[in-house]
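4 protein chains.
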Amino acid sequence: MVPTRLLMAQKLRVGILGATGMVGQRFIQLLDGHPQFEVTALAASDRSQGKRFDEACTWRLPGGMPDWARPIAVQPPAPPLDCDFVFSSLPGDIAAQTEEDFARAGYAVISNSSSHRMSADVPLVIPEVNPEHIALIDVQRKQRGFDRGFIVTNPNCSAIAIVLALAPLHTKFGVTSCVVTTMQALSGAGYPGVASLDATDNVVPFIGGEDEKVEAETAKLLGTFKDGAVEHAPIAVSAQCNRVNVTDGHTASIRLKLERPASLAEVREALTSFSALPQQLQLHSAPKSPVVVRDEKDRPQPRLDRDAGQGMTVTVGRLMPDSIFDYRLVALGHNTIRGAAGAAILNAELLVARGYLSPPG
Amino acid sequence: MVPTRLLMAQKLRVGILGATGMVGQRFIQLLDGHPQFEVTALAASDRSQGKRFDEACTWRLPGGMPDWARPIAVQPPAPPLDCDFVFSSLPGDIAAQTEEDFARAGYAVISNSSSHRMSADVPLVIPEVNPEHIALIDVQRKQRGFDRGFIVTNPNCSAIAIVLALAPLHTKFGVTSCVVTTMQALSGAGYPGVASLDATDNVVPFIGGEDEKVEAETAKLLGTFKDGAVEHAPIAVSAQCNRVNVTDGHTASIRLKLERPASLAEVREALTSFSALPQQLQLHSAPKSPVVVRDEKDRPQPRLDRDAGQGMTVTVGRLMPDSIFDYRLVALGHNTIRGAAGAAILNAELLVARGYLSPPG
Amino acid sequence: MVPTRLLMAQKLRVGILGATGMVGQRFIQLLDGHPQFEVTALAASDRSQGKRFDEACTWRLPGGMPDWARPIAVQPPAPPLDCDFVFSSLPGDIAAQTEEDFARAGYAVISNSSSHRMSADVPLVIPEVNPEHIALIDVQRKQRGFDRGFIVTNPNCSAIAIVLALAPLHTKFGVTSCVVTTMQALSGAGYPGVASLDATDNVVPFIGGEDEKVEAETAKLLGTFKDGAVEHAPIAVSAQCNRVNVTDGHTASIRLKLERPASLAEVREALTSFSALPQQLQLHSAPKSPVVVRDEKDRPQPRLDRDAGQGMTVTVGRLMPDSIFDYRLVALGHNTIRGAAGAAILNAELLVARGYLSPPG
Amino acid sequence: MVPTRLLMAQKLRVGILGATGMVGQRFIQLLDGHPQFEVTALAASDRSQGKRFDEACTWRLPGGMPDWARPIAVQPPAPPLDCDFVFSSLPGDIAAQTEEDFARAGYAVISNSSSHRMSADVPLVIPEVNPEHIALIDVQRKQRGFDRGFIVTNPNCSAIAIVLALAPLHTKFGVTSCVVTTMQALSGAGYPGVASLDATDNVVPFIGGEDEKVEAETAKLLGTFKDGAVEHAPIAVSAQCNRVNVTDGHTASIRLKLERPASLAEVREALTSFSALPQQLQLHSAPKSPVVVRDEKDRPQPRLDRDAGQGMTVTVGRLMPDSIFDYRLVALGHNTIRGAAGAAILNAELLVARGYLSPPG
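The listed protein sequences correspond, in order, to chains A, B, C and D.
Counting along the first sequence from 1, when you hit position 231 you're at 231 in the working numbering, and nothing is skipped either side.
Counting along the second sequence from 1, when you hit position 269 you're at 269 in the working numbering, and nothing is skipped either side.
Counting along the third sequence from 1, when you hit position 299 you're at 299 in the working numbering, and nothing is skipped either side.
Counting along the fourth sequence from 1, when you hit position 171 you're at 171 in the working numbering, and nothing is skipped either side.
Isolated chain A, as found in the complex (with noise of 0.2 Å):
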């Protein structure tokens, strides 16, 4: 075995912006005791600076704050950082100027924001779907100006559940259409989020800008890279997002069609043969399965699937044939884990891995 301190010596160190929200404290749930990565800066754009994080953040995780998360000082979400690179989940409207002004005083930041996530120079990935879009980032630098750092960013909650139960699809048989309800998770909207007396014995059929991202950012997903662009899929896609009762877990009711024939073994098989980059590269948050098909009637449901893989697998059901589109199905994901926190976390893994990031020096 590795000595530990040797392990150490070699970690990557990240700073977190936007520490103290739910995204935020899924990052440092998930990064303790990560074999890459060691967190030395949590930044937060609310009233939390300057204090200790354990006296700055409301802990809403199950689990408890890891002790070492304790004592760091908060600081403004502004370079610099102490740190090799950072880890964003900033509201949208801070997210934007602030990530910008990151990557160009020289640090990667691999962010959950929304904000850059549609510009055309920056990779919008998920390391199982659209590995080689962080080419990308080599024409962003080049834009932009950008030194060392450069922004890379991961889909919208919802979007990468779906996504991941599409992409073995759209790799093997072409999807054309596919019509998405959601039912997303409370910790999707934050903390405090959703009021109490709008979640309970209740259904919220809206969800700010969700429908539209849901909608873009799937094009772009399983879109080509190609002469330095990514070329969006010609997929057409109608998304509408409800918020319901649930603590984590976004459900996807799917429809889809296909642009070549296949039998619903052969989509089943599809899906449950799906291995991709991540798992060649037995990268450390990525699970075995990126998606499971369950075959029991009644399946997936969010209290009992949400945590398949560690969160990082897509569960899907209810897989048929449909009497519109060719195929309908139902795909769960961990809305903080797989749909934000660890997809990042995933993502720098992917970036390490394919030297985008490495220790100073």
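Keep in mind that the hints were calculated from the coordinates and are not lab data.
All clues stand as given, with none of them false.
Copies of the same chain look alike in the list, so a pair counts if it works inside one copy or between any two.
Cut-off 20 Å, straight-line C-alpha distance, at most; resulting in silico cross-link-like pairs (EDC-like, lysine to aspartate or glutamate): (1) K297 to E212; (2) K297 to E55; (3) K257 to D322; (4) K288 to D307; (5) K297 to E215.
Since the model is a prediction, treat every value here as computed from it, not as a measurement.
Knowing the structure of chain A, use the given hints to seat chains B, C and D on it.
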């Protein structure tokens, strides 16, 4: 004013089959003080037979059991019953034969059960949508050799809300296809119904037989009565039904394609101006507006909108153009009022107005 | 019958301070069609001032905003307001000075806020319990130099249900001590109030200031008006308050010791036979029975019992001898009706009946 | 380190009675990878007998059924079973005779059922509280004529959390009386258990037999083993138990009186410093701290604290002087881990350490 005693003398005497269940209790609640109907008999298939209703029934509705129902002895669901006609909310497996028996014995059976809905000679009716289908009663009597009795059904609790939202558009513009994803309330499964451990912090993407019912019933409801039969509408329906943690109120996310072009304003106008036979006849349980359109971006919501029109109005929101279909909208209806007991009662009121139900002698 | 126009002319004109909040909305809902009061002014301390009420207020109650309230312009909560007296549900920090200002300006202030409840010269009143405490108004006017105006308060939403259950026993047998553990509804915290992530699948064993309010207010409410002052009742109260995942309806588990021995039957009889001044005066909002005892082993339950007596009746169950105290019981009341807006309106009706509130001129 | 194969060879072979229920599933989950116990037999009283476990059991726990359990054939709960001893979570009515049968047939029965808990010759044990009570086994064997077998029980799921919080105080200061009001989780009622319509937006102030169990078991658990018998502690307990809408984690609001005076600091210190035999013996399932005290004003909360110490730690909060009793506090424990399956497993580990359980031959 007409003296109360005179009105009382003219009331039709009603039996309720399945009186102890969730829908049975709604029948009793909604018939409390009804100007045309008076409950004189209660029947149930469970072990409650012979007991007083207040001993046999665990009342689950807010507001308490009406006093007049308390002493009524619960009888087996078999003719004869001391009443002029029956409402039935029997479980599907028992309903098929029992309802046939009652009809053969001379009782009109106004049923909320699924057993006979799709039979070619049984009217499946929403009074605002296809009141002319009640003419099937004559066909039914001839075919089955019924004398005075007959069976009339109302649709599944989800189908009602969906079809009430589709009907005005179908009439004006022709709906050729629609994709429906439902988020259905717990009361739709009866009592005890869904286990709390399946409901809390969860979504269950499966309701037995529901997808099929919504798909089939929609086509029959929007069909045309011609030459003694109902010709199903040539409408393609894809339904995927989910259970969510809501006590009452089914929500349906709908995308639809129209035969004839219509602007958003025309679609909206078709919905808001919708008024039909029950409104013209001023049937007692008919809401002023069968469909209400809400323009707030976050409506309809079960907790806020299920009781619109005393639970008989369907609330539509999120009406907008769709990226694949022509339009999308979200429809919400109270599943045990408009979707069950209220539906059957409105059917009975229609049948009275049309002369199919009248006091004996 | 009295002509409507005449009645209208005699109605007292009411202003509501804090009109956009949860309790403010309940005031508007409960005053819709009130025979004695007519809302003519709405005020709020938030950024809604100047807007029409239907633009300023996100209505959170089932049933929708009454049409008459829609166009009323929201004003700042400061005198003068175009009304004869005001109901106040202002936040505690603002209420103290604002209510004083209104009273000094000649308005009767019927307040649901906590600011003045424990002031020695301010009546804290439940009309069924201590109507004679309103005589403090005269003391208050003298002490504070108020001319026509005055402040009358109702208790905290939990204290009301608890004290309504205790009062009949205190009167007959003397309650010397009681241990109260509450399970309180989300609406008690207003809107947005409790974050859904704190409510779903959870209990929060803390409500700021609530333990203290229940303990203090109980003693004042059960106290005696003597020589121009209220002598607090010598009752020891231990309260521990919890927030549970219920929309409306506070439940309280109570153990109590009696001064004079009483059999279970006598205790039950004292509760069920309880009727007081509001019932004798037939005040408009007074329930037929202020307290109802249910003998089923699993009642009261918020969902089934909170609306008893239009939300003005407290339901008691689980009444039995206790192994440490003399008796135990569980009491439940609707927290925003009997526990807030309804409480204040009943106080106003009492004040009208007692001549403290009358039309100007 | 001891080679794994050797350890495997020494494992005790375990049968689980009631394997398909909620607690049975927790046994299987917690025994997955247990260093001392290996599940070799599964039994259930329901219609699942003869089927493979993965066909017989609807798995309701997050994380999925362990693969080793899948093919095991479910047997009737009657000796002989292919195992060294049995865990029992049979329903109370079946457990009484069945557990007796197993003990008589030579099996140690480590039971979570209530049937034998209060029998004078059956140990009711929490290893941190009264490990010396296991000496009753010898009495039991003699009285009942058991040869190798015996029955050992753990308390009711609520009583465990309550008594773990009381025990350190009882030892140091003597608890003479306590008033307990519980808010219990849905999983405590098994599956399907509580109907969702009773759980959602509701509290049910009744759990059959629970008040009595908490009152009786507390006195036995805190009792003294003397002259071959357990002398119950002279402690007065008043328990009122409520069901709330929480999946896992029982919360108890407690007031208590002490025999000997103790300052708040001393009480706090007694709780935080509490460590007992299982911690000294380093039993596999023993948490580092059986009781943790949280000083935040809004803890403990089920969602945040139930998994403390892998579900084996009881979290105490809201510790403060009480206005009637000496102190009040709120205690929370995981009801199906520390309160059921984990309790029984820790009992078994204690019995191994004490020589009552050993491999055959």
